[in-house]
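Make a model of the complete structure from these sequences and hints.
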Amino acid sequence: MILLPDPGAGRLLWQLAYQDLSPADTEALTNHYQTCRGPFRGFTFIDPTDNMFVSSSDLTNTAWGKSESVQVESGQADPVNGTGGFALTNTGETDAYFTQTLPVPASYAYTLSLYLQSAGASIVKLIRGGPSEQQITTVSVGPQWTRVLSSGALNDYGTSLSAGIILSAGQQVSAFGLQLEAQPSPSQYRATAQTGGVYTEAHWSANEFVVVATGNELFSTTFGIDTAI
Amino acid sequence: MPTFPLLSSGAVAQYSLPVLTGQAVQTIRFLDGADQRYLIQGRTFRQWEIRLTLLTDSEIAQLQTFFTEQQGDYTKFDFPDPLSGQMIPNCRLLIPEMTCSYEGVGASSTLLYVTETNG
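For the record, the sequence lines run as chains Z and G. The numbering of the first sequence is the working numbering, which starts it at 1 and goes up by one. The numbering of the second sequence is the working numbering, which starts it at 1001 and goes up by one.
In case anyone wonders, no lab produced these hints; they're calculated from the structure. No residue lacks a Cβ here, since even glycine has one placed at the ideal position from N, Cα and C. A portion of the hints provided could be inaccurate.
Each pair of labels, with its calculated beta carbon distance range [stated by the list, open to error]:
1. G/Gly1119 to Z/Glu133: 41 to 49 Å
2. Z/Gly158 to G/Ala1107: 14 to 22 Å
3. Z/Gly170 to G/Gly1033: 42 to 50 Å
4. G/Gly1042 to Z/Glu217: 29 to 37 Å
5. Z/Gly215 to G/Cys1100: 20 to 28 Å
6. G/Gly1106 to Z/Tyr157: 54 to 62 Å
7. Z/Tyr108 to G/Leu1054: 15 to 23 Å
Quick look at which bits of chain G chain Z covers, simulated, 3 or more residues with Cβ under 8 Å [unchecked claim]:
8. 1014-1022
9. 1091-1105
Structure below.
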């Protein structure tokens, strides 16, 4: 549900329903509700229906961090017969990074996915990294657009995650549809503009949190989370 | 302090069992989308919805006796939490009435709400 009562005062509300939860899952949700004191304290919420990256449709946006030697050129052909692709070129003589850093727990399971194309056969590194651990996945790309991905959980309990690609010296690729999701496999690409799917000031929406024991060690619950947008 | 009665099986409740965790918070929302929040309850409290069916005559009588002794929602008692197994002190019945349905021989039902309090 999206409510837009006044400019600048919109709210986004998620209604989440869970069935057949284990006691551990139920306890984790209940503890989180109690730690937040219900709707009193805010917390970071990752929208399970959205792309976590900010400005995935504009790789020239300052939300993206890049090495000085990386040049970004918009208006390139993309895999959906449009011109939403971007040419990424490393003009330097060492590896260069093109990533985005988000304020989310590094230890969750994430999937980074994107479409890549290069003039000839090429190897590209995908990176997911927290403050103390990184995972680098090597993928092959060629003249055909290929959706590549890097997935997994880091053994890193930091509170930020960087994800993106590493270009080798002189390498040029076309990129489209960068997407990061807090799940073990990718879903369909969703373009984002000024906001991504990470909300750092979400709140429980109700003064009550109800868990129903439906059977032996089986629980269900329905609750709301809201945030200003 | 008295204790909430157990069924003949030793159980406190039957499935399905809703348990509510409550924390009253007042939120004042401003036109620019900002908000101010404050607690209007000192701590979180739990509530249990005890919906019981197919009770024997002795079980429903035991619950009625307990309700009468508690004077409805007036008196505190210890409640054995069916989920954690812990004894929760300072609980009360939430509403001062108890409806019993006698649906057959050895097949009565009732509904009670138990809430945790500060004591």
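Against the structure, the hints come out as follows:
no. : hint                              : result
1   : G/Gly1119 to Z/Glu133: 41 to 49 Å : holds (48 Å)
2   : Z/Gly158 to G/Ala1107: 14 to 22 Å : violated (58 Å)
3   : Z/Gly170 to G/Gly1033: 42 to 50 Å : holds (47 Å)
4   : G/Gly1042 to Z/Glu217: 29 to 37 Å : holds (32 Å)
5   : Z/Gly215 to G/Cys1100: 20 to 28 Å : holds (26 Å)
6   : G/Gly1106 to Z/Tyr157: 54 to 62 Å : holds (56 Å)
7   : Z/Tyr108 to G/Leu1054: 15 to 23 Å : violated (45 Å)
8   : 1014-1022                         : holds (count 8)
9   : 1091-1105                         : violated (count 0)
Going down the numbered hints, you'll see the structure goes against 2, 7 and 9, while the others check out.
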